Amino acid sequence: MVTASEAAEEYRAVLSDLSRNDKTQINLLTILAEDYASYSSEIVKVIEDSLYNSSIPLKLVMLYVIDSIVKNIQVTGGYRELFAKKIVDMIVHVFKEVDIS
1 MVTASEAAEE
11 YRAVLSDLSR
21 NDKTQINLLT
31 ILAEDYASYS
41 SEIVKVIEDS
51 LYNSSIPLKL
61 VMLYVIDSIV
71 KNIQVTGGYR
81 ELFAKKIVDM
91 IVHVFKEVDI
101 S
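1 is the number of the first residue of the sequence shown in full-length UniProt numbering; add one for each residue after it.
None of these hints come from the bench; they were simulated from the model.
Just so we're clear, the structure is a prediction, and the values are computed from it rather than from any experiment.
Accuracy of the hints is not assured; some may be wrong.
[Claimed, not checked] For each label pair, taking beta carbons as the anchor points, the in silico distance ranges come out as:
(1) Val92 / Glu6: 27 to 35 Å
(2) Glu6 / Asp99: 19 to 27 Å
(3) Ala4 / Val98: 29 to 37 Å
(4) Glu97 / Met1: 35 to 43 Å
(5) Asp22 / Gly78: 33 to 41 Å
(6) Ile91 / Ser19: 20 to 28 Å
(7) Lys71 / Val92: 15 to 23 Å
(8) Pro57 / Met1: 34 to 42 Å
[As the list claims (entries may be wrong)] Derived lysine-lysine pairs resembling BS3-like cross-links, with alpha carbons at most 30 Å apart:
(9) Lys96 / Lys85
(10) Lys86 / Lys96
(11) Lys96 / Lys59
(12) Lys45 / Lys71
(13) Lys45 / Lys23
(14) Lys86 / Lys71
Using N, Cα and C, we set each Cβ at its ideal position, and we do this for glycine too.
Construct the entire structure; sequences and hints are all you get.
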């Protein structure tokens, strides 16, 4: 079994390969998030960090990843509750960044 830090690092590596709105890759990230549901707080932190530090075109794609996770992983991991605490700030950040450019 992997540790929380190993799960976070693997998720970060797969997420860093996301370079455009690619449904297959987003589905893979959703499945991986479900596999690591016991480390959901770490996975949410990885996604949050990636959203805040990604280029402007990828910020919206990060929201698509969140959307996919929240819609498709309804029971395990508590992803909905974890993202609910952060989603407003993340969306505001994305729209402010996009508005600037």
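Verification of the supplied hints:
no.	hint	in the structure
1	Val92 / Glu6: 27 to 35 Å	holds, 32 Å
2	Glu6 / Asp99: 19 to 27 Å	violated, 38 Å
3	Ala4 / Val98: 29 to 37 Å	holds, 32 Å
4	Glu97 / Met1: 35 to 43 Å	holds, 38 Å
5	Asp22 / Gly78: 33 to 41 Å	violated, 26 Å
6	Ile91 / Ser19: 20 to 28 Å	holds, 22 Å
7	Lys71 / Val92: 15 to 23 Å	holds, 21 Å
8	Pro57 / Met1: 34 to 42 Å	holds, 36 Å
9	Lys96 / Lys85	holds, 19 Å
10	Lys86 / Lys96	holds, 16 Å
11	Lys96 / Lys59	holds, 11 Å
12	Lys45 / Lys71	holds, 18 Å
13	Lys45 / Lys23	holds, 22 Å
14	Lys86 / Lys71	holds, 16 Å
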